[in-house]
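*Asks:* Line by line, the protein sequences give chains A and B. Take numbering that gives the first Met the number 0: the final residue in the first sequence is number 179, and no numbers are missing along the way. Take numbering that gives the first Met the number 0: the final residue in the second sequence is number 388, and no numbers are missing along the way.
Think of the hints as simulated: they come from the structure by calculation, not from any bench. C-beta: ideal position from N, C-alpha, C; glycine also. One thing to keep in mind: the hints can contain errors.
[To be verified] If you want the footprint, here are the derived chain A segments under chain B, 3+ residues with CB under 8 angstroms:
# : segment
1 : 129-140
2 : 153-166
[What the hints assert, rightly or not] Interface residues of chain A toward chain B, partial, derived using beta-carbon atoms under 8 angstroms:
#  : residue
3  : 104
4  : 143
5  : 144
6  : 145
7  : 146
8  : 147
9  : 148
10 : 149
One letter stands for each residue in the lines below.
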Amino acid sequence: MRSIDKLFENSARALARRTSRRSLLAALGQVLTGAALIPLLPVDRSARAAEPVASPANAHAKLKPATDDPKSCDYWKYCAVDGFLCSCCGGSSNSCPPGTTPSPITWIGTCHNPADARDYIVSYNDCCGKVSCGNCECNRNEREKPMYRPSRNNDLNWCMANADSNYHCSVSVILGVAEL
Amino acid sequence: MGISMKTMIVQAALLSLAAGAPVFAATPAAPPLTAEHLTVTAMPPDNPHRIYVLDEAFFNEIDSRVHLFDGDTYARLGQIDSGFTPGFNLSPDGKSTVVATTYFSRGSRGTRTDLVEFTDNQTLKTTHEIVLPSKRAMTLPSYFNLGFSADSHFLYVSYITPAASFGVLDPAKYSVIDEIDTAGCVLVIPSGANRVSSICESGSLLTVTLDAQGHEASRAFSEVFFDPDKDPIFAQGVPMTNGYAFLSFLGQVHEVDFSGAQPAFHKPWPLVAAADKGHWRPGGYQVGAIHRRLNRLYVPMHQGGEGTHKDGGTEIWVFDMATHERVARWPLAPHKLPTVLALQVSQDDAPLLFAATDTSDIAVFDALTGQLRHVEKKLGQTAWLILNH
Chain A
0 MRSIDKLFEN SARALARRTS RRSLLAALGQ VLTGAALIPL LPVDRSARAA EPVASPANAH
60 AKLKPATDDP KSCDYWKYCA VDGFLCSCCG GSSNSCPPGT TPSPITWIGT CHNPADARDY
120 IVSYNDCCGK VSCGNCECNR NEREKPMYRP SRNNDLNWCM ANADSNYHCS VSVILGVAEL
Chain B
0 MGISMKTMIV QAALLSLAAG APVFAATPAA PPLTAEHLTV TAMPPDNPHR IYVLDEAFFN
60 EIDSRVHLFD GDTYARLGQI DSGFTPGFNL SPDGKSTVVA TTYFSRGSRG TRTDLVEFTD
120 NQTLKTTHEI VLPSKRAMTL PSYFNLGFSA DSHFLYVSYI TPAASFGVLD PAKYSVIDEI
180 DTAGCVLVIP SGANRVSSIC ESGSLLTVTL DAQGHEASRA FSEVFFDPDK DPIFAQGVPM
240 TNGYAFLSFL GQVHEVDFSG AQPAFHKPWP LVAAADKGHW RPGGYQVGAI HRRLNRLYVP
300 MHQGGEGTHK DGGTEIWVFD MATHERVARW PLAPHKLPTV LALQVSQDDA PLLFAATDTS
360 DIAVFDALTG QLRHVEKKLG QTAWLILNH
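If we strip away everything but chain B, and leave its shape as in the complex, we get:
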């Protein structure tokens, strides 16, 4: 305020001179650097090797974020903030990210606001939000915390207070349509235009069918398809054609077809040979990925007993979903990689396998050969879920 314009110009010139002096000394013939313009980087075009990595930020949990990463250029593309213990998912067309999260009015304390935030994946701008009742399920991230109907007309959000229910939202009008009680069954598994299934303690699925306005039209419980006492399934699913594969703690694969009015269950098959059952297990936070055209299932596997279901994999096992044969076994130790907690595979013809390690590094493999292409160090502090489109 007290400095004249003339003084400022002189000071700026002196500063420029001082900064430029060594350059002139080293290369006297080189022209000076041109003035720069401050810009905002535009997102590159989408491609099948872009991934969205949720960093739960467990050590400062109100500050989680989704990192966007390119598996071809190994570039960190940008960030979507995701608040406290979020769920997140992508829209069916891949153009939007939805984050269900919680903010406190004073940062770490104060009035709780639960909401869903919509982000444009080509600008990374948050475009809209829907405020929820303060019931959002605060738990590990998976595909089933929130998700769209296949036609994108509805968005479903899991609620746990600990009473279980889910919210039906209108993503076009940015409004809450209804809340539907789920009789103790948890999470939202969308299918078709108007169905939501939830996992029940008995080992069955509850499927609620909605009317055109998004209110409950009917509900039905499935048969019991797993034993929650002897061999529980992980409360997450691996997307496959027409449904999800649910892996059990002991390594049974329960394929569930959600394409019909009610879920249909295939005969379970084992990841682990009888001799190794109970010794080698799947584990981690995102326990599998499927390349749908190749019909390949990738699973992080470790050696351990009861209670090790969150231990990361020391090897990645690859299975043919048609024959149920293990077609490859890729140990991580030769690459000096720590255990793998989350896996994702791209769906193109030159697929990449992405593995988030216990130290939040992202390893990029050729999904056909297992060749390690890159290790991206420290993509956040606790990378627990990888999504892609």
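Next comes chain A alone, as it looks inside the complex:
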């Protein structure tokens, strides 16, 4: 339990550095209650950005550049995804594919939406219980940290605590605006 306390303390500290108290509490509350699975905004319709947030140089991310396409690795919400996009696996950017189970624990990123020029806190839940989807591999690591900062790390299998911890794909769920 000491480690769990430490983890959440550290996660909270890390978030607090980047967010206001209000948005921090809102974000943490959603993560802890599982409400993180319900997006706050009509994400896909609101994203009408014209330019890529960043162009991933990694050869793994050989997807067409289109920031308004949730099946593209360049979609703005995917700024710290390392895995397979659930949008290409029967789900969507915020919905797990049929027959899989969302991970209740996640890593968190802050992505910039060029459409409204806001930064958003994004929860990257994994979808679990089937073997890796294998479609639309996406490897972006903006502000991603190594695993000694687990709440910001995308190398861990976040299905680890699921009853069936097999990793299938990853979603990106908006938690709120990052009020810097």
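Since chain A is already given, all that's left is putting chain B on it; use the hints.
*Replies:* Relative to the frame of chain A, chain B by itself:
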């Protein structure tokens, strides 16, 4: 069942005749091929140019494997299966491979079993296993997922649930001795006969010292030796004499001496000149290799900004660890090689540098000159870690 022995013999003879007919037609004087005996190939003797390449099999991740490859003959020697998101390491004497992995009872689903498997590197038979609590760290492979004490009496396995701890195992009795909480610090960095260090979010190391039975005797946190916000280190180390070199995202080298009771930190030094800082960076999944006698550090380097720390190298830079000077710069484009994600170097006097590319090819270089000797195509689908003895 319904065919008589006589019929079978006649059919076999006819088949043999049919198969052999063209041969007789081409070379009527040549004797027929002799009957073959089915055998199992024996592993060749170990040599310093044998490498163990972990294919994470990311596209069907329950099916990872370790490929054994010979850098002299370019032969694929065999395979050790390694399950789902494994850690793997070699025993200090190089005779065994240990794999920490997870299996599901129905293949891709069902009851989860975490375990460590021991494989004899001369037979490639899995000889023993130790079943673990379902806590094993499922993450990228590195030297620090599991590892032996220097005297091989203990084997340590990193746990993340996401609460962090590690298991102490007895590799002689094939049993779990204890689980030790690490206060949020992660991974296992063995040193000496009874010490395990873990990397902490604050930028320090936690070192737990064990008693003779493998239980915690004491613990201490080190000073903070890197800034996890401004310039985090990769959560992996490059083995060097008496310790590990930890590279940072911006290219600082933090050499840590683990030979004493507590880790000792050398003054960090840069891979990148001040003018190039933040533009050229180390990156990939295994971001360096050191030839310990030559004191040479090899690093895959690329041009990129924040968030490119997993991008492979477009060049391999070579440094003298004593002077901190860059002594060579080997671009990969002239060889038409894609970016390099993992590096390893043999420790002998005619060293080879092994580079796993983004397309899972293994390039073999002369580690003294940078001359490309061979490219082994597609050693698996996602080769992310290369170990050797």
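*Asks:* If a hint holds in the structure, say so; if it does not, say that too.
*Replies:* A quick look at each hint next to the structure:
no.	hint	result
1	129-140	holds (count 8)
2	153-166	holds (count 10)
3	104	holds, 6 angstroms
4	143	holds, 7 angstroms
5	144	holds, 6 angstroms
6	145	holds, 4 angstroms
7	146	holds, 5 angstroms
8	147	holds, 4 angstroms
9	148	holds, 5 angstroms
10	149	holds, 5 angstroms
Consistency note: the structure conflicts with none of the earlier hints.
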